[in-house]
Amino acid sequence: MLQINEICKVYGGSQVLNLISLDIRPGMFGLLGPNGAGKTTLMRILTTVIPSTSGNIHYGDISWSNKNEVRKMIGYLPQKFSLYKQLRVNEALYHLAVLKGVSARLQKKMVAEVLDKVNLNEHQDKKVGHLSGGMVRRLGIAQAILGDPKIIIVDEPTAGLDPEERIRFRKLLRMLGEKSIVIISTHIVEDIESSCDQIAVLHKGQLKKHGNIDKIRASAKGKVWELTVSNEDFYKISDEWNVISNHKESDGYRLHILSDEKPEGALSIDPTLEDSYLYLMGGSGQNEVY
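Residue numbers (UniProt numbering): 1 to 290.
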């Protein structure tokens with residue numbers, strides 16, 4: 001189990017992370033929050049790129065004060081991942097295996113294994129610069145899992161992928177989560193909802209909520225309302241209430257409203273994960289039309 005205990009980070013007098021504590025078990029773990037929430041800072045601390053100002057992190061007997069040991073058990077795929085475009089896929093992985101300290105006798109076996117896991121066998125002789133966006137993300141995961149890491153950290157996993165590639169990539173991450181801790185950092189609720197067993201919601205450096213999906217959804221129980229209004233009343237109601245989405249219908253609009261109080265004529269509905277996320281963020285995403 002990965003134990004994160006009261007992690008704080010201060011930059012130039014600003015508190016970027018404030019007393020973040022989490023216990024993360026093997027499986028898929030989602031770190032959800034808007035840009036500027038502190039997700040990237042926490043990822044950089046977990047990957048030993050930067051130290052925390054205070055607090056500590058452990059995985060079993062291994063402390064994050066021992067960077068060399070920590071780096072041996074972590075695989076990382078940043079949001080912006082790139083390699084030398086003139087290298088072939090297998091050449092790039094052999095090069096990275098050397099940098100990761102994989103012994104010469106194991107390199108061929110490990111590279112073959114990761115190529116198989118990410119379904120890039122047929123493309124291993126292609127140059128990196130000729131790969132599609134989805135293939136580049138799969139290559140990124142391949143390099144992250146070289147050496148069979150216990151913890152895999154992925155930042156914005158589906159950024160830049162088309163819908164089919166997103167589905168394939170999520171399936172791959174779920175497969176990896178069967179044996180390892182896989183931490184996904186994202187602001188895309190769908191990436192979390194379709195993959196993760198446990199979720200933490202981060203906002204302005206604070207841990208707002210953590211637990212399974214049902215626990216996060218319960219945050220907005222009794223706070224989400226559905227109201228059907230005429231075309232004439234649409235703008236008036238939208239100005240008066242926090243409308244988080246609206247659906248155009250033949251004779252008006254069906255609104256989803258986020259509020260502690262019940263709007264007149266509205267029905268209470270079960271919150272989605274996205275509803276609860278917006279509630280924890282203080283309510284945003286107003287007037288999205290579907």
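Derived by calculation from the structure, the hints in this document are not laboratory data.
Keep in mind it's a predicted model, so treat the numbers as computed, not measured.
Check before you lean on any hint, since a few could be wrong.
Said to hold, decoys possible - 25 Å max Cα-Cα, derived DMTMM-like pairs, lysine to aspartate or glutamate:
1) K80 <-> E6
2) K204 <-> E190
3) K208 <-> E193
4) K221 <-> E261
5) K179 <-> D197
6) K85 <-> D23
7) K109 <-> E193
8) K100 <-> D61
9) K117 <-> D61
10) K85 <-> D162
11) K72 <-> E178
12) K80 <-> E164
13) K150 <-> E6
14) K209 <-> E232
Identify every previously stated hint that the structure contradicts and give their numbers, smallest first.
-> Failing hints, ascending: 1, 6, 7, 9 and 14.
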